[in-house]
Amino acid sequence: MNSLQKIGKFEAIALIIMVTINQIIFNVSNTIIMNTGSSAWLNVIVISIVAILFCLLICKLFKNFLSQDIVDISEYLGGKVLKTIVGILYILFFIFLAGIFLRYLASSLKLIYFEKSPIVFLLILFLIPIVLTVRLGIKPISEVTLMFTPIVLFSMLIILFATAKNFVPERLFPILGFGADKTFFIGLNNIFTFSSFAYLYFLMPILKNPEDFKKVALTSIIVSGIYLFLSVISLLMMFPFIAFSDEMLSVYLLTRLIEFGKFFQRVDAIFIFIWILSTFSFLAITTSLINRIIKKLTQIKYHNELCYSICAIIFSLALVFKNIADMKFIQNVLLRYISISLIFIFSLIILILANFKRKKEKMS
Amino acid sequence: MVAGGDSSQSKDSTVSTVDCSSIDSGIALVNSYISKKVNLSHCKAIVISEELASEGISEYIYTCVNNLELRPDCNIIISRCRASDYLENSKPTLESVSARYYEFILNSSEYTGYTEDVTLSNFYSDMLSSTSQAHAILGSINSNSTHQSHSDLPPYDIEGSYEAGETPIKSDTGLENMGIAVFNNDKLVGELTGMESLCHLIVIDKFKSATISVPNPYDINSVLNLYMTSIKSPKISVTLINGTPYIKCSIELKGNILSLDKNLNYSEINTLETIEQYTNSYMEQSISAYLYKTSKEYKSDIGNFGKYVIYNYPTWDDWIESDWLDNYQNAFFTVDVKTTIENGQLYTKI
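Chains A and B are the protein sequences, given in the same order. Count the first sequence with the working numbering and you get residues 1 to 364, in order. Count the second sequence with the working numbering and you get residues 1 to 350, in order.
It is worth saying that the hints were derived from the structure and are not from the lab. The beta carbon of each residue, even a glycine, is placed where N, CA and C say it ideally should be. Keep in mind that the hints are not guaranteed to be accurate.
[Unchecked claim] Reference excerpt, derived from the structure (chain B facing chain A, CB under 10 angstroms, subset only): (1) Ser267; (2) Gly306; (3) Pro314.
Use the sequences and the hints to build the structure in full.
Structure representation (structure tokens):
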């Protein structure tokens, strides 16, 4: 790969964190709370520990495949057939993720600020900058993401601290929420909130120094876990009804309560603006990865031109969803099981088997 | 519709009333009538009549909460008169903008303690909470016909005994927000007086400062005025004894004596200690009366005592099964007030 398109340690960390932050903005915290109730914060601690352990396992499994991503490893394990299957599955997953996030943000913006604008205009407005940035490659996207990430992280902290005066810590109880089983066993499927692992699988070849993979992966997963935890406890401590209500954007409800004295009120627009920037980054990262996978599968020479087609597909998919109910179902049910099956089971099996194969080869 | 020129409102505001099936359809009707779009972005208060509140207002509250224009910090006022009368009798004084008038008039609870600054967000949260019940600001028109005379009460009890509209006051304002409207679920079940509201603020740790009258220990026919502030958050413990809640409140207050009397010497320790004892006793009685009123009479936990017992239940099902909000009516209370009287104002003796 062209060394100019390799990214550094901090850029990689920012890239992964940005994916999780986008998930928090798009209500993943509320999904966890609705499943577990007041014990959501315990559940987040549990799934964060599981995610860290999973991360350590992934790092160990990738050790034998420096500078290779999950598609390359699939080719090594099962030849072109498996490579194509894995590649297509990840392309579909990323397109699906980008499509639903794009539509969710566009619908939310339409509801809050652009009531009379057709959704198509909003979708196009988002996709035009994506097309322009993806053509430049992953390096500029990562650099811009690195610039945005501290702003986004800081804005999330401001939301938490500015609303903290209204927190009621007792709302974190009953400690086991909807039950111990839902908190510690069934609730484990909330691990899907760490679907940023999907991006980690493709990080190795674009890292300037592949030895940094472990540091990047661990740091980004720990930071993601901390932010997920903070978002969940702040929602729980603020709204007593949060486990039973379903909002478009839970974190937006928090921003509506922010006021600094009598002079700085209604600051939610600033946060929406920051979230739009983070969504740009997220969509650009995702589209860029789709581009790279297609390039790997097809050996196409001028792969940058593919971004038009990819954005057109994402745009079409975003238009498929009829209403909020469709999106909620897909986000809460389909995305959950697709993420778990593809990222945490299928990919892990491939990595384990590939390691066995490599070990066998070394022995023979 | 009442035009500004005909009503007592400031000239740049109008009051429109419409009969309708819901808030949104009413706004649509008003929009068509005034040929302008009503925008609720700067709405400062939602006024609901006592009559409607007694029937249940969850439907209206849900609609308001779901409205993007309405901010969660707008106040909820339960009017003892018709809501339209409340608005029509509003005469903003000392403020030229009606919205700012409503904003500041409701902030008075910070230095009077006679009501609570209850927002839409607070009301909605409490209404849906399993540990507490909702309450709102109590408001009314204040006119000669609504004034009440409480001359039968001891002098130190008179000021705090009024509810909204009853205070014998002559002013251009026309409105009075005093007391708290108590809800059980979404239905209005009772009202608290000014002093009871002050006790409520102390118990829920929202008390900032207030001027209160306590019996003068050295002259039974006179009162001492104290400027009270909160020293620290109250310590509240809730124990379940055979399923019955036993609620213990330990409260610490600080006071400065505003009154000055020829017979009193505030530089004497004994005098201050005697005043402290009287104040403690008076506040304990007042707070106990407020607590028993909410528990036995209104059966509504507006003090959010449920949050002190929820620890005892491991799961949500266990907690709901305990039915705290219903069990609150069986509660009994112990109140312990410790007041520190620091000094007088400029003089300690005259």
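Hints, one by one, checked against the model:
Evaluation of the Ser267 (chain B) hint against chain A yields a violated restraint, the C-beta minimum of about 40 angstroms exceeding 10 angstroms. Of the supplied interface hints, the one on Gly306 (chain B) holds, with its beta-carbon coming within about 8 angstroms of a beta-carbon of chain A, less than 10 angstroms. Proximity of Pro314 (chain B) to chain A holds as hinted, the smallest CB-CB distance being about 5 angstroms (cut-off 10 angstroms).
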